[in-house]
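All chains, full assembly: derive it from the sequences and hints.
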Amino acid sequence: MSDVSVKKGLAKGLIKLTVLLGIGFIFLLLLGKILPAPTEDGYRLFPVIGSRVWVWIIAQLHLNFAAFVLGVPIFAVSMEYLSWRRKDDRLDRIAYDFTKLFTLAYTITASIGTVLLISLPLLYPKFIDHMMRILGPTWWLYIAFMYVEVIVCYYYYYSWHKMKDKKGAHVAIGGLLNIMGTIMLLITSAWVGYMTTPGGVSETGELVNRWQAVKTFMWIPLSLHRLVANVVFGAGIAAAYAAYRFIASETDEDRAYYDWMGYTSAMISIGFSLLLPGVGYLLGVEIYSFNEQMGIQLMGGFFAWLWVMQAILIGAILMFVNYYLWISLNKMPGGERYFKYVKFLFIIMLLGYAVWLTPHSVALSLDEARKMGTYHPVLGNLGVMAAKNTAVVITYLATFLSFAIFKMSNKESVVSWVKLGNALRGLIVVGSSVIMLAIGVYSYMVTSSVRVKVLSPIQFGIFFLAIIALFILDAKMFKGAKIIGEPRWGKMPERSQYALIGITVTFTWLMGMMGYMRSGGRQYWHVYGIMKDTSVDAFLPTHGYAAVITSIVTVIFYALMGFLFYGIMKLEKKGGQGGAKA
Amino acid sequence: MKGGAIKLFLVVVGINIFFAYIGLYFLPQSQSLPPKTIKIEKGIPQDELIAVGESIIFGKGQCMVCHPMKPETGMRAPAIATIGAEMVKSAKERNMPVEAYVFEALVNPSSYIQKGFENMMPPVHKPPTSLTEGELIAVSAFLQSKGSNITINYPDSVPVLQEEITKEAKKGGSG
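The listed protein sequences derive, respectively, from chains A and B. Under numbering that gives the first Met the number 0, residue 581 is the last one in the first sequence; the count climbs by one each step, no gaps. Under numbering that gives the first Met the number 0, residue 174 is the last one in the second sequence; the count climbs by one each step, no gaps.
The set of hints was computed from the structure by calculation and includes no laboratory data. You may find that some hints are simply not true.
[Stated by the list, open to error] Distance ranges between label pairs, derived from CB positions:
id: 1; chain 1: B; residue 1: Thr81; chain 2: A; residue 2: Thr446; range: 13 to 23 Å
id: 2; chain 1: A; residue 1: Gly49; chain 2: B; residue 2: Tyr24; range: 19 to 29 Å
id: 3; chain 1: B; residue 1: Pro70; chain 2: A; residue 2: Ile434; range: 28 to 38 Å
id: 4; chain 1: A; residue 1: Lys452; chain 2: B; residue 2: Ile37; range: 33 to 43 Å
id: 5; chain 1: A; residue 1: Met131; chain 2: B; residue 2: Leu32; range: 22 to 32 Å
[Unchecked claim] Quick list of in silico lysine-lysine cross-link-like pairs, DSS-like style, CA-CA up to 25 Å:
id: 6; chain 1: A; residue 1: Lys490; chain 2: B; residue 2: Lys6
id: 7; chain 1: A; residue 1: Lys418; chain 2: A; residue 2: Lys406
id: 8; chain 1: B; residue 1: Lys125; chain 2: B; residue 2: Lys38
id: 9; chain 1: A; residue 1: Lys573; chain 2: A; residue 2: Lys163
id: 10; chain 1: A; residue 1: Lys418; chain 2: A; residue 2: Lys478
id: 11; chain 1: B; residue 1: Lys125; chain 2: B; residue 2: Lys170
id: 12; chain 1: A; residue 1: Lys161; chain 2: A; residue 2: Lys572
id: 13; chain 1: A; residue 1: Lys452; chain 2: B; residue 2: Lys114
id: 14; chain 1: B; residue 1: Lys125; chain 2: B; residue 2: Lys35
id: 15; chain 1: A; residue 1: Lys339; chain 2: A; residue 2: Lys490
id: 16; chain 1: A; residue 1: Lys339; chain 2: A; residue 2: Lys418
id: 17; chain 1: A; residue 1: Lys573; chain 2: A; residue 2: Lys7
id: 18; chain 1: A; residue 1: Lys339; chain 2: A; residue 2: Lys410
id: 19; chain 1: B; residue 1: Lys38; chain 2: A; residue 2: Lys531
id: 20; chain 1: A; residue 1: Lys125; chain 2: A; residue 2: Lys214
id: 21; chain 1: B; residue 1: Lys125; chain 2: A; residue 2: Lys531
id: 22; chain 1: A; residue 1: Lys11; chain 2: A; residue 2: Lys161
id: 23; chain 1: A; residue 1: Lys531; chain 2: B; residue 2: Lys59
id: 24; chain 1: A; residue 1: Lys6; chain 2: A; residue 2: Lys165
id: 25; chain 1: A; residue 1: Lys531; chain 2: B; residue 2: Lys35
id: 26; chain 1: B; residue 1: Lys6; chain 2: A; residue 2: Lys572
id: 27; chain 1: B; residue 1: Lys35; chain 2: A; residue 2: Lys125
id: 28; chain 1: B; residue 1: Lys125; chain 2: A; residue 2: Lys214
id: 29; chain 1: A; residue 1: Lys569; chain 2: B; residue 2: Lys6
id: 30; chain 1: A; residue 1: Lys481; chain 2: A; residue 2: Lys339
id: 31; chain 1: A; residue 1: Lys342; chain 2: A; residue 2: Lys410
id: 32; chain 1: A; residue 1: Lys125; chain 2: B; residue 2: Lys125
Every value quoted in this text rests on a predicted model; they were computed, and no experiment measured them. Even for Gly, the Cβ is constructed at its ideal location relative to N, Cα and C.
Written out as structure tokens, the structure reads:
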């Protein structure tokens, strides 16, 4: 496939995009004429499953693929940059593998986007008409940037081998690709931001100021949250790809490479996920600033139990990560010295997990609320933010320790201050844990405002300071360390790869559920407080129903991903460059 | 290789079935329906008006999202159990009729914030809550029933309510 010349590759990309857009507009026109007129309040009903479920599935699938094609280029280019500066062929190969993945995923992303482009105006004509009146120009801008992005993306991919002696310029093209991706993300976030925290319109929905309609409360924090989550997700998918290839590998050489790729991708994914609580916090602050009621409704009202679900999911991700790292100790010569710590880490993880998934205020019946007030009389003490934040930071710290142990497990420090270093390490871990716990206890005694705006950021700040301090300390202690033996890449049991798959599938499910909650936060409004949803679907379904839809979307997504991975392997076998044979 | 791919896909399906199962069988199952306008007849008996107000507080008004029933440490908004008595006290301090104070607290809440709380309540006669005049009066009567004499009724209290709504509209509103 990479034998195709740059010109041909570019033409291929542009033709694909134009054909898909053309199909979209033609279908839109034809179906608009063929289908019965919309109801008086502006809806058409999708057969059997209904319009909401159809759009839900298509939009979430499109978003998953979009997250992938926007997230992966960020670290593909970072890897290429590192390979260029360090002259490391293995990094170049992984960067190329990532690029191959997202370039091929563009076609699926655009195809699903086309289905969405046809579905939305046909099923929700009045709503789309409103959106076009308010934010129409941004849609045309989006199409323009889509073309630019496809050109840059295909150029970046097809010129990989041709520009191997001009790495600096090639990395710069990759940088441009990421700028385009970020602009597209900003545009789409503006649409969602307007729907959820509208601005720039009158109370009756008339446009007053378009820029204000773009620059809503949610716009930047949502974009930031998505940007980071895209990297986490993209890296996770790359880890899943590596796991798939590891299991399918026929040679030790390939197994070693894909083991390393899986480990690298998973650690990038988890590393970036550490930023998510922080950017999520920013997003929450902006939602509260827009409308306190919406914020509280999202955090503790109807959705309270879905935060418990979120805790189950993130806890599961961290368990998968820790399990993977603990198994990985087996491939590190000297790793057995650290087995004894695993059980303690497991206990800490388990306790943190238990607190994390204790519900806060829950949706109550009138009778229940009369009897016990807002909180459960016993569990209410653990279900509040004071306890949860503490559990979260300590669980994350335990995960970081698993990672740190893995990293140093095949080394022996040779610095003269080993004992002092070990004592310092213990002091940082125990000291930061005690301070974080103390802040957690103190949080019960202050107002919600102090808890949210002062103490929570301090708790997360201490956690970050602790891991930065540990990182620096380990780097100093293990500089020039005696290597007991090189990691035995590829010597991993197959079950370790299922842990990698588990991380990514759980994260995908989490994205689907959180997307539903963000959207559901609008309740029975298309545009919160401005345009009511008067369709038959203007209600929030049960959590079980939402969970089933999320699972269906996730399974479809992975089936499509499976085809993509299979397609890449087929192409490699046909003799194209790249992949394991590059 | 084929076996491995099938196993992987089964793992993916298995994880998804597991999460769907948790959603279906471990989480409470209720829908959140859009609120309906509650029709309140003129001259409705006081106890019925209070009962309607209570159902709005726990339902359409979504008041319990912030207001706890009983006073709690670190509560976001005043507790409902004693709110009637608190309102009488505050109205006296501000030298204004209790009725007007109660209505102002609902439709123009930012004009006076109780000590120890933040300015976070939206005017509930505006979207997204959009309580009607009758509903606002029912809620007010319920709030009064929590520790003070009930002076608000429907429709006699409508003019006082309208006056407060007009004041809020002149101020520019924050809804």
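To see whether the hints hold, each was checked on the structure:
1. Hint check: Thr81(B) to Thr446(A), Cβ distance near 18 Å, so the stated range 13 to 23 Å holds.
2. Checking the proposed 19 to 29 Å range against Gly49(A) and Tyr24(B) shows it holds: the Cβ atoms sit about 24 Å from each other.
3. Range check, Pro70(B) to Ile434(A): Cβ separation about 30 Å, and the 28 to 38 Å hint holds.
4. In this structure the hint that Lys452(A) and Ile37(B) lie 33 to 43 Å apart at CB holds, the actual value being about 37 Å.
5. For Met131(A) paired with Leu32(B), a C-beta distance near 30 Å keeps the hint of 22 to 32 Å intact.
6. Annotation: proposed proximity of Lys490(A) to Lys6(B) holds, straight-line Cα distance about 20 Å (limit 25 Å).
7. Pair hint Lys418(A) plus Lys406(A) holds up; C-alpha atoms about 19 Å apart against a cutoff of 25 Å.
8. Between Lys125(B) and Lys38(B) the alpha-carbon distance is near 18 Å, which keeps this suggested pair within the 25 Å criterion.
9. Straight-line distance between C-alpha atoms of Lys573(A) and Lys163(A) comes to about 23 Å, which keeps the hinted pair within the 25 Å bound.
10. For the given pair, Lys418(A) sits about 15 Å from Lys478(A) by alpha-carbon distance, which is consistent with the 25 Å threshold.
11. Taking the CA atoms of Lys125(B) and Lys170(B), the gap is about 14 Å. The hint holds against a cut of 25 Å.
12. For the hint linking Lys161(A) to Lys572(A), the alpha-carbon distance of about 21 Å falls within 25 Å, and the restraint holds.
13. With a CA separation close to 19 Å, the supplied pair Lys452(A) and Lys114(B) stays within the 25 Å bound.
14. Restraint check for Lys125(B) and Lys35(B): the C-alpha separation of about 15 Å stays at or below 25 Å, so the hint holds.
15. Between the alpha carbons of Lys339(A) and Lys490(A) the distance comes to roughly 21 Å, so the proposed pair stays at or under 25 Å and holds.
16. Simply put, Lys339(A) and Lys418(A) have alpha-carbon atoms about 19 Å apart, close enough for the 25 Å limit, and the pair holds.
17. At roughly 19 Å between alpha-carbon atoms, Lys573(A) and Lys7(A) fall within 25 Å of each other, so this suggested pair holds.
18. Annotation: proposed proximity of Lys339(A) to Lys410(A) holds, straight-line Cα distance about 17 Å (limit 25 Å).
19. A hinted pair counts as satisfied when its Cα atoms are at most 25 Å apart, and Lys38(B) with Lys531(A) qualifies at roughly 20 Å.
20. For a cut-off of 25 Å, the pair hint linking Lys125(A) to Lys214(A) stands: about 23 Å separates their Cα positions.
21. Taking the CA atoms of Lys125(B) and Lys531(A), the gap is near 13 Å; set against the 25 Å cutoff, the hint holds.
22. This hinted pair checks out: Lys11(A) and Lys161(A) have alpha carbons roughly 18 Å apart, not beyond 25 Å.
23. Annotation: proposed proximity of Lys531(A) to Lys59(B) holds, straight-line Cα distance about 15 Å (limit 25 Å).
24. Between Lys6(A) and Lys165(A), the direct Cα distance comes to roughly 18 Å. Compliance with the 25 Å bound is thereby established for this hinted pair.
25. Taken as a hint, the Lys531(A) and Lys35(B) pair is honoured in the structure, with Cα atoms around 13 Å apart against an allowance of 25 Å.
26. Taking the CA atoms of Lys6(B) and Lys572(A), the gap is about 22 Å. The hint holds against a cut of 25 Å.
27. Straight-line distance between C-alpha atoms of Lys35(B) and Lys125(A) comes to about 23 Å, which keeps the hinted pair within the 25 Å bound.
28. Of the pairs offered as hints, the one joining Lys125(B) and Lys214(A) holds, with about 23 Å between alpha carbons and a cut-off of 25 Å not exceeded.
29. Using a Cα cut-off of 25 Å, the hinted pair Lys569(A) and Lys6(B) holds, with the two alpha carbons roughly 19 Å apart.
30. A threshold of 25 Å between alpha carbons decides the hint, and for Lys481(A) with Lys339(A) the separation of about 22 Å falls inside it, so the pair holds.
31. Pair hint Lys342(A) plus Lys410(A) holds up; C-alpha atoms about 22 Å apart against a cutoff of 25 Å.
32. The straight-line distance between the Cα atoms of Lys125(A) and Lys125(B) is roughly 23 Å, inside the 25 Å bound, and the hint therefore holds.
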